[in-house]
Amino acid sequence: MSMGQSPTPGRFVQCANCRKTLFLAEFLRDLKVCGHCGHHHRLTWQERVEATFDPGTFEETDTGLRSVDPLEFPEYREKHVAAMAKTGMADSVVGGRARIEGRRVSVAVADFHFMGGSMGSVAGEKVTRALERGCDELMPVVAFCASGGARMQEGLLSLMQMAKTTAAVERCRSEGVPFIAVFTDPTMAGVLASYASVADVILAEPRALVGFAGARVSKQAQVVKAPDDFQTAEFCLRAGMVDAIVHRRELRDHLGRLVGALGAHLAPKEALVG
Amino acid sequence: MSMGQSPTPGRFVQCANCRKTLFLAEFLRDLKVCGHCGHHHRLTWQERVEATFDPGTFEETDTGLRSVDPLEFPEYREKHVAAMAKTGMADSVVGGRARIEGRRVSVAVADFHFMGGSMGSVAGEKVTRALERGCDELMPVVAFCASGGARMQEGLLSLMQMAKTTAAVERCRSEGVPFIAVFTDPTMAGVLASYASVADVILAEPRALVGFAGARVSKQAQVVKAPDDFQTAEFCLRAGMVDAIVHRRELRDHLGRLVGALGAHLAPKEALVG
Amino acid sequence: MAKTWKEWMKPLLELEELIEKLRAAAAKETDPVEHERLEAKVHDFERRRDAVLNVMITRMGPWEEVLMARAEPRPYTLDYVDAMFTEFTELAGDRRVGDDKAVVGGPARLDERPVMVLGHQKGRNLQERTFRNFAMCKPEGYRKAIRLFEMAERFRMPVVTFVDTPAADPGVESESRGISEAIADSMRVMFSLTVPVVSVVIGEGGSGGAIGIAAANEVLMQEHAIYSVIPPEGCAAILWRDPAKGPQAAAALRLTARSAGELGLVDRVLPEPFGGAHRDPVEAADTVKRAVLESLAALDRMGPNEVKRHRYDRFRRMGVYETV
Amino acid sequence: MAKTWKEWMKPLLELEELIEKLRAAAAKETDPVEHERLEAKVHDFERRRDAVLNVMITRMGPWEEVLMARAEPRPYTLDYVDAMFTEFTELAGDRRVGDDKAVVGGPARLDERPVMVLGHQKGRNLQERTFRNFAMCKPEGYRKAIRLFEMAERFRMPVVTFVDTPAADPGVESESRGISEAIADSMRVMFSLTVPVVSVVIGEGGSGGAIGIAAANEVLMQEHAIYSVIPPEGCAAILWRDPAKGPQAAAALRLTARSAGELGLVDRVLPEPFGGAHRDPVEAADTVKRAVLESLAALDRMGPNEVKRHRYDRFRRMGVYETV
Ligand SMILES: [Zn+2]
Ligand SMILES: [Zn+2]
Chain E
0 MSMGQSPTPG RFVQCANCRK TLFLAEFLRD LKVCGHCGHH HRLTWQERVE ATFDPGTFEE
60 TDTGLRSVDP LEFPEYREKH VAAMAKTGMA DSVVGGRARI EGRRVSVAVA DFHFMGGSMG
120 SVAGEKVTRA LERGCDELMP VVAFCASGGA RMQEGLLSLM QMAKTTAAVE RCRSEGVPFI
180 AVFTDPTMAG VLASYASVAD VILAEPRALV GFAGARVSKQ AQVVKAPDDF QTAEFCLRAG
240 MVDAIVHRRE LRDHLGRLVG ALGAHLAPKE ALVG
Chain C
0 MSMGQSPTPG RFVQCANCRK TLFLAEFLRD LKVCGHCGHH HRLTWQERVE ATFDPGTFEE
60 TDTGLRSVDP LEFPEYREKH VAAMAKTGMA DSVVGGRARI EGRRVSVAVA DFHFMGGSMG
120 SVAGEKVTRA LERGCDELMP VVAFCASGGA RMQEGLLSLM QMAKTTAAVE RCRSEGVPFI
180 AVFTDPTMAG VLASYASVAD VILAEPRALV GFAGARVSKQ AQVVKAPDDF QTAEFCLRAG
240 MVDAIVHRRE LRDHLGRLVG ALGAHLAPKE ALVG
Chain R
0 MAKTWKEWMK PLLELEELIE KLRAAAAKET DPVEHERLEA KVHDFERRRD AVLNVMITRM
60 GPWEEVLMAR AEPRPYTLDY VDAMFTEFTE LAGDRRVGDD KAVVGGPARL DERPVMVLGH
120 QKGRNLQERT FRNFAMCKPE GYRKAIRLFE MAERFRMPVV TFVDTPAADP GVESESRGIS
180 EAIADSMRVM FSLTVPVVSV VIGEGGSGGA IGIAAANEVL MQEHAIYSVI PPEGCAAILW
240 RDPAKGPQAA AALRLTARSA GELGLVDRVL PEPFGGAHRD PVEAADTVKR AVLESLAALD
300 RMGPNEVKRH RYDRFRRMGV YETV
Chain D
0 MAKTWKEWMK PLLELEELIE KLRAAAAKET DPVEHERLEA KVHDFERRRD AVLNVMITRM
60 GPWEEVLMAR AEPRPYTLDY VDAMFTEFTE LAGDRRVGDD KAVVGGPARL DERPVMVLGH
120 QKGRNLQERT FRNFAMCKPE GYRKAIRLFE MAERFRMPVV TFVDTPAADP GVESESRGIS
180 EAIADSMRVM FSLTVPVVSV VIGEGGSGGA IGIAAANEVL MQEHAIYSVI PPEGCAAILW
240 RDPAKGPQAA AALRLTARSA GELGLVDRVL PEPFGGAHRD PVEAADTVKR AVLESLAALD
300 RMGPNEVKRH RYDRFRRMGV YETV
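Chains as they are written, first to last, in numbering that gives the first Met the number 0: chain E, 0 to 273; chain C, 0 to 273; chain R, 0 to 323; chain D, 0 to 323.
By construction, these hints were calculated from the structure, which means they are not laboratory data. Don't take every hint at face value.
[Stated by the list, open to error] Okay, derived cross-link-like pairs now, DSBU-like style, lysine-lysine, Cα gap no bigger than 30 angstroms in a straight line:
no.: 1; chain 1: D; residue 1: 244; chain 2: C; residue 2: 78
no.: 2; chain 1: R; residue 1: 288; chain 2: R; residue 2: 244
no.: 3; chain 1: E; residue 1: 224; chain 2: R; residue 2: 100
no.: 4; chain 1: C; residue 1: 224; chain 2: R; residue 2: 100
no.: 5; chain 1: R; residue 1: 2; chain 2: R; residue 2: 244
no.: 6; chain 1: E; residue 1: 224; chain 2: C; residue 2: 224
[Unchecked claim] If you want the ones that stay clear, here's a sample from chain C, every Cβ over 10 angstroms from chain D, calculated:
no.: 7; residue: 17
no.: 8; residue: 24
no.: 9; residue: 33
no.: 10; residue: 35
no.: 11; residue: 76
no.: 12; residue: 84
no.: 13; residue: 243
no.: 14; residue: 249
no.: 15; residue: 253
None of the values given here were measured: they were computed from a predicted structure. Note that beta-carbon positions come from the ideal geometry of N, C-alpha and C, so glycine has one too.
Chain E extracted, bound-state conformation (with noise of 0.2 angstroms):
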């Protein structure tokens, strides 16, 4: 893992959960992951990619998508050249290609430093170009979601990515290409309400925050208590709404098994076309 995004700077980190002081050498092999508590701390799009596909093998998609400000919003054009500035990225979301121990998969890795991954036009195309990538190219389609929910910025052209990317899951389905989603911390709103929910596979990070509404919001609305670990990954394990929470450490070897087995009648096809 590349040092370029450490939390602090020096030869230790403080982890944001128990407060430990962890050895920054340590965190970074551990995956940002906390030695004491196991917190798993959100990652850099970059970080992602390192830790979870094949070593050089992600080749980035689609670089050349830029956001503009369609509604004029208040402020959203200085706070997007901000975020740009930040973190180096055009925008929330980076699709490509990769692979997962030797396995071809399409990839849109979500980034909640970029403006709390919230999702526009331009993240809703990526998410979108990479499922229609998968079923073009014949293979699995793995996202990792790290966001707030829609760009409120963009208006109603957000609320309509979440059709748009819905719809390509849905040309995934109907044409077999496996989709396996990977909620890590925070994965919200509009982004769950949308592809992010409709994965044939889905993945948690430990303790991630997964909701629809702000938490203040639900229990605001209702008399029902919310339990402890409300709109955590473990929480909407035990709902059924995910599949397995799985350490980072072995989140490659996982998606691997799954990519294989679910993609596995794709190879055929493949071949045939080249």
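Position chains C, R and D with the ligands against the provided structure of chain E, taking the given hints into account.
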């Protein structure tokens, strides 16, 4: 409605629910629904046919099917013979063709008076044939359920009728043939857990008993308190299992509308068939 | 600014109340002269009413559109169903956990033709509103919708949906039964259909709760309906930490029918009777009905796979970005 | 008659306990003469054990088959999954309300070939049994199964199910979430599949709870498994108002593997290691694996629609009646 099956002789009958005395003529004109409390008394299959289908349009099919005693189960033969003598039926289900408000339908009518409407090989075969007739002759299928469940005395053969009838429902689905089930008192166990529950539309008569396990078993099995109307049509409606509770008087009209709307697409095909 | 339709419409509603009183007095009045005087007064106030209404409606901004879309007397889904269709037969239940009263649906006839109708349903009074959960669907609502969509597919019935919800239900129970999955799956199933689907936004097109039943081949929107990714109050709370700045947020979000039309996100904006659909529900329903029939007529010219493809392509195009 | 497997097997289990003790003593014994004496005693008791087992097994009636099918040490679904497959990856949840631990499933490899595996899961001790709800599925179990079946269809994976349940869960909650519909819908979806499905009854084939995941192209049944429309105790309670007459009911119901084979309701009865699958789980799993591979090989020769048709026809034939 014929008077052949009146619950008591003479000019008066007593409601099985509220115990009020009713004029027999009125009771029969009301399709055996109590004028005081609205209790829907059980009907024989002939009464059901008269109450539901266009006069004179019912034509029975599969009249030659006879139960055997494949397991040589204790007392089965005797009970079966007694049921035949009591009801004049060959088994618990009658199959046929009929019209509802002019529209052709394939029909299966269960009669609880024959061994509790239990489903053995003959009942299963008749239900299956009713569903297949709908596919072959391009007409919607209507089934009246009235059963305590599978017929124990035919052992595993009865269990297999659950699968057989459900397979026929799936055939209807894949061929676009609407299937409407009417839950009458009672619709239980092996019948509920097979073809009945996978109907496209499910209507129920008021207060009909509808459930999987005997109520005693269900209540024993769990600490959760059963509601007062547990295993009634009303409970099922609330639980999302039933589309509507329909008064017997309105059943013909309700079925007519549904058969008309859901089966309309079959008409052009029907024209082709002849 | 006014917070509710009633508050905004107060001058008009007061005038109308006054007119009603004068009319009643005129009807009771036996003296012909006095009767005539009262009648004249009625006419006078009616003119004033029309003038006030004219000013209010022509000066409507995005926030007034929000208030209008939420107006209590606005026709709801079942009003349109009654007016536009015959033989509506409601179907209930998701075959899983319950029947969600916030959404109603079932087969009906549109000029004799069988269609599957479905829509969010608001309530007129507090009791009805509670019964309908303020038209905020729980997971079982979307799963009922899925059941009806799939039935429509099997029986080759076009689907017509009416959109009118502030949002999907955000409660703890909805969350634990998978409200997100339910919304997404409902959209997904809509995209799988090979029968035509037309959606009409008749009031509040509230974010995920709305799009969950609006993945249609054609989306129509009434003049005074709104369609938004987030309620303006929620947007204001996030942007400016002040929910009272809803009006500013309403403007920023471009949530009016006109904006949605300009952005190409709805196919047609349907004119309403002057002052809003509730001022002439018959005319309003007639306009919607004609528009739905026209949409269906266009979709009828396509084959089943073409219809599915058309829907995909419609949404596939959505999004504004540039490529460098 | 014995009420449980342990009670029935008591003489044998006591002998085995004794043998274990003697063996331990022999191992510790340093005096060669005494050691030899103990070894001889072990052999003697082993011969006696074999003789007792031989008598017990060869004299098994229907009731003993019931006890054997319910035997605590019998291999369960996950034991077979471990022994027969590689790369099993469990998938959880019905995407509706929960994850039913009474049924487990997910993709795996059968000699490299991807398959979808699913089965009822019992527990070995009280804690596990409670966790698994005694392998009695709730609606969410069948809905998880449906999700996996549909995934298998999309990804062209054959399905292998293991049947081992006393019954579906009969509780109030299951009832209110539609246990009947869930069972029926699971069967219905199985009948819609165009990929091969093989089911193996490995223990208790308990009525609706069992058939809900056993609508397969080929149904295999282990020698000492049972398959019944009703538990014998329940049947006895209804017929003779005496649950204790389970043994008589077991005989009447013909619930043994042999009977099911004779009636043509299962395709193959698979021999078990002498004394039951638990006496040699490796051999038992090997027999099951070979049989499943043979069944799949036969089904592989059919096209997708043929596979679906084959399944329909298999069940379509079931039922014994005469035509007059
Ligand atoms: Zn820590
Ligand atoms: Zn009465």
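In rising order, the numbers of the hints this structure does not comply with
2
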